[in-house]
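A.B. asks: One letter stands for each residue in the lines below.
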Amino acid sequence: MERTETRGRVSRRTVVKGMAAGAIAMPVLLRGSGAWAQDVTGTVRLSGGTSSPDEEKLLREVLADFQQKFPKITVKYEPVPANYLIKIQTDIAAGNAADVFYVQSEYAQDFMSRGVLLDIDDYMSKDNVKASDYYPGLISAFVWQGKTYGIPKDWSPLGQTYDTTAFSDAGVKAPTTWDELRSVLTTLKQKSGKPALVLDAQFERFIMFLLQAGGNVTNKDASKLTLDQPEVLTALDYYYGLYKDKLSTTSADAGAGWPGDAFAKNLAEDVMEGNWMFPFLKTNAPDKKFACAELPAGPAGKGTPAFTVSYSIFKGSKVADAAWVLVRFLTGPEGMAKWTSLGLAMPSRPDLMDNWVKEYPIRKPFADSGSYATPAQFGPGGQKFISDADSILQSLFAGQVDTKEAQAQLVTVGNQDITLVPATAPTGGVPSGATPAATPGT
Amino acid sequence: MALAARTHRSRNPIAAEDRIAGWMFLLPALVIFAVFIIGPILYVFWLSFHQWSVITPEKPWVGLQNYRKLFSGNRDFEIALRNTVWFAIGVVPTQTILGLLLAVLANRKIKGKTFFRTAFYFPSISSSVVISIIFLWLYAQNGLLNAVLHRIGLPTPTPPWISNPRGVIEMALGSFGIHHISLWLAGPSVALLSIMMMNVWTTMGTMMVVFLAGLQDIPPDVYEAAALDGATRTRQFIDITVPLLRPVIFFVLTLGIIGTFQVFDQIFVMTSGGPAKTTTTLAYLVYQEGFGNFSMGYASAIAVVLFFMILIIFLIQRRIVANQEPM
Amino acid sequence: MEATATAKPIVEHQPVTPTTSRVDLVLKLVAYVVLIFVALLMFVPFIFSLATSLKTSQAVTQMTLKNMLWVTNPTTQAYQVARHANVFRWFFNSAFVAVIWIIGRAITDTMAGYALARMRFPGRNLIFLIIISTMMIPGIVTIIPKFIILQKLHLLNTYGALTVPFLTDAFGIFLMKQFFESIPIELEEAARVDGANRYRMFAQIVLPNAMPAVTALTIFTFQGSWNSFLEPLIFISGSKPELFTLPVGLANFHQAYYTDWPTLMAMAVITTVPMAIFFLIFQRYFVESQTSASIKG
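Which chain is which? The protein sequence lines are R, C and W, in order.
The working numbering puts the first residue of the first sequence at 1, with every later residue one more than the last.
The working numbering puts the first residue of the second sequence at 443, with every later residue one more than the last.
The working numbering puts the first residue of the third sequence at 770, with every later residue one more than the last.
The hints are simulated quantities; they were obtained by calculation from the structure and are not laboratory data.
Where hints are given, some of them may not hold.
DSSO-like mimics (lysine-lysine), calculated; alpha carbons at most 27 angstroms apart, straight line [claimed, not checked]: (1) W/LYS921 - C/LYS501; (2) R/LYS288 - R/LYS173; (3) W/LYS1009 - R/LYS72; (4) C/LYS551 - W/LYS1009.
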């Protein structure tokens, strides 16, 4: 379960001299945050998965800022380096959950539908926090039946990262369409003799091709499964075709832990990963010359999943007010600016994106894909669906099933795992489930 | 001796005191047993008739629903059962036979017997997590095993070992042009086979040490008599060694089967049940359903079934051994 | 098969066979070849991990067969990283936890084993049966209830969670029961004549004589605690890395940085070496306690 989850894997040992980057995080006044917050007291426990000491250290700095601003609230930060989902579940089961914790979009609906999280709409209106402060596609991942249960703390799409030396040696440019991708990979292979793209048999990678083909797991309001549609087969054929024709390979085949690792070890010339690539590269391949591009467009145009994680408040929290003040700060302009300042994460607030891109111009294509990214969320049971779908794609790559059979199996597990939302008019005008999010570009 | 002890005890003048002292002596152990073992087992039974997502306090009664889900052709359960059975079929006889053969080889006047015993036993004292991580590296595409195979000109599997979901029997038959065999007959996947090989590597030495002790308890004059009767070494092995070792063999087999039904650490560290679920064992499925899929009631039902499977194996073994207690 | 649970040296019976010595010689040669080959197989993975741990991560990507088992420019870089990842803290935790397990079980298992072996009281057989049958329960089955109980006792995320549930074990009780049944009762009867009650008898007569079996118990307990994985994984929050034991720390590190082979191998070496030293010192007892326990079936 965890080991297929390569996103969020960034590495240690980066020497953080974050102050230069921190300088851009200009203090912005807390808009609309009523004076009431200053009088809130309590000790708030904050728990979240962390993938590197850098990330942990940075969050501690952000929390120190918070502490200064709200001295009456004490924050106890409990980072979880691995097995986060198990951790949070066992803590909830034991009645020991933190007041504020991370919730990933993939299993957010499982949590929200079971009433584990606190509905924060009242707090939001009280402090004039608007859903529109965030990319709508991201915040909608934490809306269930018209109520909001979390605020996205950051996000990442998938994008191409390619080896500029290899590309210029072969005389190719970053591909922008499926056809170009095949031809670029063919040229690169003629040059090096091995597949240039490292791409794993994982549903959360396949989903990009599915979106580019115009398909998805469910329809817009998550009331109907759409895995039986022809787009799924188109995407499967293209995705598996790259591997079958040895234009792409998997990280295991290449002898790496994940595509980013393969890229760092010069076993790949092109990978399709997220923002978590860059801290990893900085540590493991500091001299590597690379550039980024949006994912190639498919028959239905551009498409990428958006991975996001929220700060949510535990329903059983005894310090909900203080917890909200913390969430408000962390997802507010000031807290998020600092949190995203080292480039470990991308801001989920459009108002911070311009500055972020100025700081990390090479990653502009990642920011640009915000305008069409679709949240990685497939209904309650989506987490199980992802692991079942991974298994089917692994069979496909091992040649045990063909693409038609793979699609049939996807339909079966989709029906079995995913709880669909009744096809009524979406309440509150905010559809839950797989919402193709229009996120304004920057 | 057991009989003698019993006679002594019946005459024991402090029998009355023991009625209380006995429980006092047991008390520390019993408290821990009751709280951390017996209680949890009863709780799991109870849970298996309920639905529980772990993250909600509600645990509604669902009767036999969890069990019905298991036995009404649930694919994941069937896969896990298949993997577990293949694991046991592959590992238990192999480690037993190899252990016995090594013991027979070492059971002669040779130098360095202690060294061999030590060497063979060593893997079984190392942490399963450590061994799993070492073997992950060993089995990697650019790891030691592939390097050795390349050197001696043998092919290596693609995808590499623990990432390969293809059934080994299926692959073997495939090379004879036989395709599309049933899932049960496809055999363990290359990935599962890799973990099985690691398991045999770990336990083989323990088996050998156990057998070696068993062999040394066989009085030498039995062999001398047989040799005088003109029995060959092979005959001696089949007619004397194996029958006399029977209790040890059964013990080793039972322990082996129970051990393989509990395999968890290796799966957790090496494959997380993949690729294509081909290394998802029953014990791992319990974990996955309970913690990954918000179905702790269902996971408890799997645990209960697993418990009864082990119990039945244990009882069968007791019966067999009881029937042929030769000594 | 009247083996005992004592750690007495195994008597070296050799099958004496009057057949020709040439056959013997050939067989002996075959035996040596096979045994040496298998012994190599046992060591190679450890050598491989030791060799890897002395390399840099860059050196590990391009490796030839010769390179894999040999180191040309050894570096302790990986050990530095392991040290920064707190591996020595985990080491301390594992050692500390092992000591508590050993002390706890030496007390509870010997007492329970003695009661079951020597005393007659109502319910004795039933208790023994129940204790023995718990040996078959896979740890995963009871992990959630255990977790909830530890929470109620406020022991989660403390050394208590790593030790309290493990202060006794069925196998140890079984081992001690077998042992006490095998030793002569006369000493105890003599003490009885001197007017000692059960408690004094146990403390002054029985326990001092039980040292070989307690040694075996210690070894098993150490092995069990050093390798214990599932429970510490669930009982210690990921947010308390200072309470991780070695296997949990290692598994966590692997999940976070899973192809940093030199560091992972350095951690493997750090975990294995103390076990190896302990094993070499007590090698005789290790092998024999395993053997005698097994043969009792």
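A.B. asks: Determine for every hint whether it applies to the structure shown.
C.D. replies: Hints versus structure:
no. : hint                 : verdict
1   : W/LYS921 - C/LYS501  : holds (18 angstroms)
2   : R/LYS288 - R/LYS173  : holds (18 angstroms)
3   : W/LYS1009 - R/LYS72  : holds (25 angstroms)
4   : C/LYS551 - W/LYS1009 : violated (54 angstroms)
Checked against the numbered hints listed earlier, the structure breaks hint 4 alone; every other hint is satisfied.
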